[in-house]
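Residue numbers (the numbering used here), protein chains in the order written: chain A, 4 to 550; chain B, 120 to 490.
Hints listed in this document are in silico derivations from the structure and should not be mistaken for laboratory results. What you are looking at is a predicted structure, and each value in this text was computed from that prediction instead of being measured. Every residue, glycine too, gets a C-beta built ideally from N, C-alpha and C. Be aware that one or more of the hints could be misleading.
Said to hold, decoys possible - Which residues of chain A face chain B? A few of them, derived with a C-beta cut under 7 Å, are:
id : residue
1  : Gln235
2  : Leu261
3  : Asp398
4  : Asn502
Stated by the list, open to error - Residues of chain A clear of chain B, computed beta-carbon distances all greater than 12 Å:
id : residue
5  : Met144
6  : Pro197
7  : Phe238
8  : Leu263
As the list claims (entries may be wrong) - Below, in silico cross-link-like pairs of lysine to aspartate or glutamate (DMTMM-like), each with a Cα-Cα straight-line distance of 25 Å or less:
id : chain 1 : residue 1 : chain 2 : residue 2
9  : B       : Lys261    : B       : Glu384
10 : B       : Lys194    : A       : Asp398
11 : A       : Lys329    : B       : Glu198
12 : B       : Lys210    : A       : Asp133
13 : A       : Lys336    : B       : Glu191
14 : B       : Lys490    : A       : Glu52
15 : B       : Lys490    : A       : Asp57
16 : B       : Lys210    : A       : Glu444
17 : A       : Lys51     : B       : Asp211
18 : B       : Lys283    : B       : Glu465
19 : B       : Lys386    : A       : Asp133
20 : B       : Lys417    : B       : Glu212
21 : B       : Lys414    : A       : Glu330
22 : A       : Lys329    : B       : Glu191
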Amino acid sequence: MRIIQLVKTQLNMWAVLSFIFILIILLPNILIAVNFFGEPNENWFHIKEFLLLDIFYNTTILLVFTGVTTTIIGTSLAWMITVYSFPLRNFFKWGLILPLAIPPFIGAYTYQGMVNYTGFIQTTLRNTFDIQVNQKYFSMMSMEGTIFIFTMFLFPYVYVISKSFLENQSSSIIENARLLGANSLETFFRVVLPISRTAIVGSVVIVMLEVINDYGVVKYFGIQTFITSIFQTWFAMGDKESAFKLAGTLMVVVIAILMLEKIIRGRKQYSYSTSKVSPIRQKKLKGVKAWGVFSYCLVIFSLGFIIPFVQLFFWMIMTYERILSKEFFTLIKNSFFAASTAALLIVIIGLIIANYSRIHKGVLPRILSRITILGYSVPGAVIAIGVITIFLMLDRSLSTLFTMLSFDITFVLRTSIVMLISAYIIRFLAVGYNSIEAGFEKVGSTFTEASRTLGSSTLGTFFKVDIPMIRGAIIGGFILVFVDILKELPLTMLLQPFNFQTLATRAFRYANDEMISEAASASLLIILISGICIYFFHKVLDRGERN
Amino acid sequence: MNRFKQVLFVLLLSFLVLGLMGCKQAAEEKTDAEETTETEQKTEETTEQVANEQEAGVLNLYTTRHYDTDEELYKKFTEETGIKVNVISGKDELVQRLKDEGEATEADVFITADAGNLARLKADGLTQGIESEVLTSNIPEKLRDDENHWFGLTKRARVIVYSKDRVDPSELSTYEALTEDTWKERVLIRSSENIYNQSLLASFIELNGEEEAKNWAAGIVANMARTPEGGDTDQVKAVVAGEGDVAISNTYYVGRLLNSTDPEEVKVAEQVGVFFPNQDTTGTHINISGATVVKHAKNVDNAVKFIEFLSNVEAQELFAEGNNEYPVNPNAAITETLTSWGAFKEQDINLTILGDNNTRAIQIFNEVGWK
Chain A
4 MRIIQLVKTQ LNMWAVLSFI FILIILLPNI LIAVNFFGEP NENWFHIKEF LLLDIFYNTT
64 ILLVFTGVTT TIIGTSLAWM ITVYSFPLRN FFKWGLILPL AIPPFIGAYT YQGMVNYTGF
124 IQTTLRNTFD IQVNQKYFSM MSMEGTIFIF TMFLFPYVYV ISKSFLENQS SSIIENARLL
184 GANSLETFFR VVLPISRTAI VGSVVIVMLE VINDYGVVKY FGIQTFITSI FQTWFAMGDK
244 ESAFKLAGTL MVVVIAILML EKIIRGRKQY SYSTSKVSPI RQKKLKGVKA WGVFSYCLVI
304 FSLGFIIPFV QLFFWMIMTY ERILSKEFFT LIKNSFFAAS TAALLIVIIG LIIANYSRIH
364 KGVLPRILSR ITILGYSVPG AVIAIGVITI FLMLDRSLST LFTMLSFDIT FVLRTSIVML
424 ISAYIIRFLA VGYNSIEAGF EKVGSTFTEA SRTLGSSTLG TFFKVDIPMI RGAIIGGFIL
484 VFVDILKELP LTMLLQPFNF QTLATRAFRY ANDEMISEAA SASLLIILIS GICIYFFHKV
544 LDRGERN
Chain B
120 MNRFKQVLFV LLLSFLVLGL MGCKQAAEEK TDAEETTETE QKTEETTEQV ANEQEAGVLN
180 LYTTRHYDTD EELYKKFTEE TGIKVNVISG KDELVQRLKD EGEATEADVF ITADAGNLAR
240 LKADGLTQGI ESEVLTSNIP EKLRDDENHW FGLTKRARVI VYSKDRVDPS ELSTYEALTE
300 DTWKERVLIR SSENIYNQSL LASFIELNGE EEAKNWAAGI VANMARTPEG GDTDQVKAVV
360 AGEGDVAISN TYYVGRLLNS TDPEEVKVAE QVGVFFPNQD TTGTHINISG ATVVKHAKNV
420 DNAVKFIEFL SNVEAQELFA EGNNEYPVNP NAAITETLTS WGAFKEQDIN LTILGDNNTR
480 AIQIFNEVGW K
């Protein structure tokens, strides 16, 4: 009897929906796990013998160095913006998030286009100054170049997360350190870095997952990584089994990283007993110091945004007459439609799961909420394998069903946009969910409980109390997902329905066919739309801080 | 608070717009997926025009070729025949997608570069033979499958591009000669991940045997001016920049540089020469991009009409011109750029071989450490 009662209290609409969504996310992963343990074939031994070591080596180097450089740049910028006041600080505060608007593969093509033999730099040196340079120093296509690209376009993850942590958490600690006579450097290394460890590690893990997931940059620069090898075995060798095995191995790597994150984070949490957090008073810098900090910010902002933007702009001027047609409107429409639909659904699903695991404390809801991150940890190409397989099964059973019911319709899910949107949801749910969960954590459950005590239903409370209270987090989550999907490449390429191209796939198509200046128009549109979204994201963040 | 309202307003506004777009999109989606059924229903009640459309129907195309002129051709085809062309464009992954979909595929025609890919599609049982007099008369026998499972549409040659300053063309002879000591640290070529290199090596496996082919790959690795990076265009630029003296590249990349809007790129192209290797022996390696009718195609008649359309002189000229390739139809004129390079002797192998030897070629590349 008690069990029935327990089931009754636990099994409500929220639970059922949450379980369904989680199951959808799990399916492709289960599929890969099952295939991972299949019998290895001849190709797999070949891969193991000749490639695996290289892949591991390259991936490790990329992860370690990008991790270190993004940490240094991201945290130092966050620190400077938070505690100092200097020229243009208010602009840099959000301007430094803008590199996120540039998909790394576009950044890579742009920089290589700039530094190569016919690029702006070398032609100027050659034609104006008559200087012939050693090509060795003018190629981005190396490990160092790849790390540079990833650093310049991914450091904002570390910057944003560390900045919001510092702004919210550390004012009194920093002020105390100052009072005790520590200078800025000491404060940064001995106080700020240790207390923001959790935030930094969390954000660096996001950077690492992005690096692992990248296809465009490493493909173009010829760096063999897990993703390029998965694509090669799957598509070039046509060997799905070995591709599954590689994907499985990669998932082990990802899990190792996530576990490492947990260990580094430790149990230590520096939070406040009081909810009154006073904002940091910025120290006004003068003279050399002020201009030093200003220049540092400017250099990073130029490398991560202005330079590639201006270069793309020039290329666009060169090519727009041939390239910009009315089809571009369709591209914008497609990109907007796919990204906003998926982002909206993700926000809704995120709200349901977050609300469920908030109301029902316990192991099960906790596990559920952890599973949401699974999609983000798994590379897009791998998700695509799973999603295609599942939709094939779905289509088959649908057609059987229709035949059985003798309906005279052919409804193919695979060539509809449903498949692509589902894949987006699986991949990016974590991004939206984390934002919403953080929002819920911030407001706590007192208001919800008060509302319930006053006789409102869970659903009524949800709409009247919960949602309005965390709308900032909801909008923030929506924007982040939206920008991510706008830039997304592997899923869109692998799962596109008929006549459906996005700005990202169009840009990649031109660039991949070695027509980089033709890719500029689509690239610029992505950057502009993402840039505007990031501006709004910053506004939402800013508002959250002031309240 | 005010600012928040502004943000909210803008977001709501964009949603409204998106919502409207979404509805339209959804409607279009529906038409795509249910075209046949819907038109069937409509015919009973509406105009003749719809009836025509129904007669014409659709053609679903998977393509890994995507130049702007290709799209113009699809439009032209629709204008002439009333057949609507639906396109999914991608790269190698489309082959796998077709395989995965099997009988359930919606694709009618598959267009892809490299005979190796086409041959593998046939080997996997994903293509069907086509009886068409138009095709057999428009496309030379060598450039189509022996059972007419696939048809070449454009032809490309993989040649040696050399620095006019530092290399006398008389020094050049064959692909094989590039492994000699005189070329140490002078050879530029892209990574082995690329299908052009895989097919090149596959052709050597056929012509010279596996052992020789492997020696050639190892010899090229030993003579490389640098670790492979970038595409064919990057190799050509590296020749001019002095990183190496010769590069192996497809001809159309040089053609594209010659006709570029960027004057610096034109300068680069003018400093290199195009050399057709193996003229006294096995001939220059050629490949095609081509089309095949998918085994489980639902619109076979339209598919045949479509490929026939692409093989006619007018379409061939546009098709090849878009990417500076050679048309397969002997009656089609070639561009000025291509004329300037002259005629050449081609490798005389059945292109199907390239598919058969592909996996072995990839393995050899890995074995000899060709990145």
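Cross-check of the supplied hints:
Here the hint on Gln235/A is kept, as its CB sits about 6 Å from the closest CB of chain B, short of 7 Å. Hint status for Leu261/A: violated, given a least beta-carbon distance of 28 Å to chain B, over 7 Å. A cut of 7 Å between beta carbons decides the hint on Asp398/A: the least distance to chain B is about 6 Å, and the hint holds. With a least beta-carbon distance of about 5 Å to chain B, the hint placing Asn502/A at the interface is held under the 7 Å criterion.
With a cut of 12 Å on Cβ distances, Met144/A falls inside the contact zone with chain B, its closest approach being about 4 Å. Every CB of chain B is more than 12 Å from the CB of Pro197/A (nearest about 34 Å), matching its label as outside the interface. At the 12 Å boundary, the C-beta of Phe238/A falls inside the reach of chain B, the nearest C-beta of that chain being 4 Å off. Once the 12 Å rule is applied to beta carbons, Leu263/A is consistent with being away from chain B; the minimum gap is 29 Å.
Restraint check for Lys261/B and Glu384/B: not satisfied, since their Cα atoms lie roughly 35 Å apart, outside the 25 Å limit. Taken as a hint, the Lys194/B and Asp398/A pair is broken in the structure, with Cα atoms around 30 Å apart against an allowance of 25 Å. Annotation: proposed proximity of Lys329/A to Glu198/B holds, straight-line Cα distance about 18 Å (limit 25 Å). Proposed proximity of Lys210/B and Asp133/A is contradicted: the alpha carbons are some 41 Å apart, above 25 Å.
Taking the CA atoms of Lys336/A and Glu191/B, the gap is near 21 Å; set against the 25 Å cutoff, the hint holds. This hinted pair checks out: Lys490/B and Glu52/A have alpha carbons roughly 15 Å apart, not beyond 25 Å. A C-alpha spacing of about 10 Å is found between Lys490/B and Asp57/A, which places the hinted pair at or below 25 Å, so the restraint holds. At roughly 44 Å between alpha-carbon atoms, Lys210/B and Glu444/A are farther apart than 25 Å, so this suggested pair is violated.
Distance check on the hinted pair: Lys51/A and Asp211/B sit about 23 Å apart at the alpha-carbon level, within 25 Å; holds. Annotation: proposed proximity of Lys283/B to Glu465/B holds, straight-line Cα distance about 24 Å (limit 25 Å). Distance hint between Lys386/B and Asp133/A is fulfilled; the C-alpha atoms sit about 15 Å from each other, no more than 25 Å. Among the hinted pairs, Lys417/B with Glu212/B is consistent with the structure: their alpha-carbon atoms are about 22 Å apart, no more than 25 Å.
For a cut-off of 25 Å, the pair hint linking Lys414/B to Glu330/A is broken: about 31 Å separates their Cα positions. Between Lys329/A and Glu191/B, the direct Cα distance comes to roughly 13 Å. Compliance with the 25 Å bound is thereby established for this hinted pair.
Hint check: violations occur at hints 2, 5, 7, 9, 10, 12, 16, 21; the rest are consistent with the structure.
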